[in-house]
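**Q** Can you make the complete structure from the sequences, with help from the hints?
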Amino acid sequence: MTLVRKTAQSPELQLDSGRGLVDIVTRYAQTFLLLQRYDEGLLSEPKAQAGGALPSVSEARIALDNLKADLMARGEATDLFARDRGDGLASLLGNLDQSVFGEPAYPTIESKAAHLLYFVVKNHPFADGNKRSAAFLFVDFLNRNGRLLGLNGEPVINDIGLAALTLLVAESDPANKETMIRLIMNMLAEE
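In terms of the numbering used here, the sequence shown is residues 1371 to 1561.
Worth double-checking, as some hints may not be accurate.
With a Cα cut of at most 25 Å, we get these calculated SDA-like pairs of lysine to any residue [claimed, not checked]:
1) K1492 to G1421
2) K1501 to L1462
3) K1501 to K1547
4) K1547 to G1411
5) K1501 to N1528
6) K1501 to G1445
7) K1501 to A1559
8) K1492 to L1441
9) K1501 to L1437
10) K1547 to Q1468
11) K1547 to D1510
12) K1501 to A1533
13) K1547 to E1473
14) K1492 to T1549
15) K1501 to G1531
16) K1547 to L1466
17) K1492 to M1442
18) K1501 to P1425
19) K1492 to I1432
20) K1492 to P1425
21) K1547 to P1425
22) K1501 to G1520
23) K1501 to S1428
24) K1501 to L1519
25) K1501 to D1449
26) K1501 to N1513
27) K1492 to A1439
28) K1547 to R1517
29) K1547 to G1531
30) K1492 to V1526
31) K1492 to N1556
32) K1547 to L1424
33) K1492 to D1435
Derived from the structure by calculation, the hints contain no laboratory data.
**A** Shown next, in the form of structure tokens:
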């Protein structure tokens, strides 16, 4: 990558199309690497940051209620949006905060975030708006833990990427859960 970046700045590379191609390769190198690892079945858990505080049920509920009010004011949701079905949200957050043999079951920010997105989408804890609620809770969690923005100050996942990722999880076969989780974790990993 260093060589590609150096080449892109070379005065010998005069063509805008040549510079554009090098820029694309440089900008999306991580994407290409993730896709290759996915294709080869080599997608592993990235080195990750330990910790990550989950919101309490009441904090999550307040945040979702504020989102709901905003969406309803714009005509983009009904009263059913993010309405709890039983204790699904409390159970989900409790499961993410559990420990196994004294160690956190989900020990990293990336692991908690990936599982939060996956579980809200797949477990349908709400009467309506599970995908939007999942994406919101995912972003809220990352923000609470100082990981919404990457080292470059840009969002770790932009809005289009988040929509695509949420839909990918929704459409994925439950048998591919671990692959989806590892993919999300890799997307969140700091370079």
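**Q** With a cut-off of 25 Å on the C-alpha distance, tell me whether K1492 and N1556 pass.
**A** holds, 20 Å
**Q** K1492 and M1442 were given as a pair; does the straight-line alpha-carbon distance stay at or below 25 Å?
**A** Holds, at about 24 Å.
**Q** CA of K1501 to CA of N1528, is that 25 Å or under?
**A** Holds. K1501 to N1528 sits at ~16 Å (cutoff 25 Å).
**Q** Measure nothing beyond the straight line between the CA atoms of K1492 and P1425; if it is 25 Å or shorter, mark the hint as holding.
**A** holds, 20 Å
**Q** Is the straight-line distance between the alpha-carbon of K1501 and that of L1437 25 Å or less?
**A** holds, 13 Å
**Q** Within 25 Å, alpha carbon to alpha carbon, are K1547 and P1425?
**A** Since the Cα atoms of K1547 and P1425 sit roughly 23 Å apart, the hinted pair holds (cutoff 25 Å).
**Q** Between K1501 and G1520, is the straight-line Cα distance small enough, at 25 Å or below?
**A** Holds, because 23 Å separates the two Cα atoms, which is no more than 25 Å.
**Q** Are the Cα positions of K1492 and G1421 separated by 25 Å at most?
**A** holds, 24 Å
**Q** Do the alpha carbons of K1501 and A1559 lie within 25 Å of each other, as the hint requires?
**A** holds, 22 Å
**Q** Is it true that the CA of K1501 sits at most 25 Å from the CA of A1533?
**A** Given pair K1501, A1533 holds - Cα atoms ~9 Å apart, limit 25 Å.
**Q** Taken at face value, is the distance from the CA of L1519 to the CA of K1501 at most 25 Å?
**A** Holds, at about 21 Å.
**Q** Against the 25 Å threshold, does the CA-CA distance of K1547 and E1473 hold or violate the hint?
**A** With a Cα-Cα distance of about 22 Å, the restraint between K1547 and E1473 holds, given a limit of 25 Å.
The structure agrees with every numbered hint stated previously.
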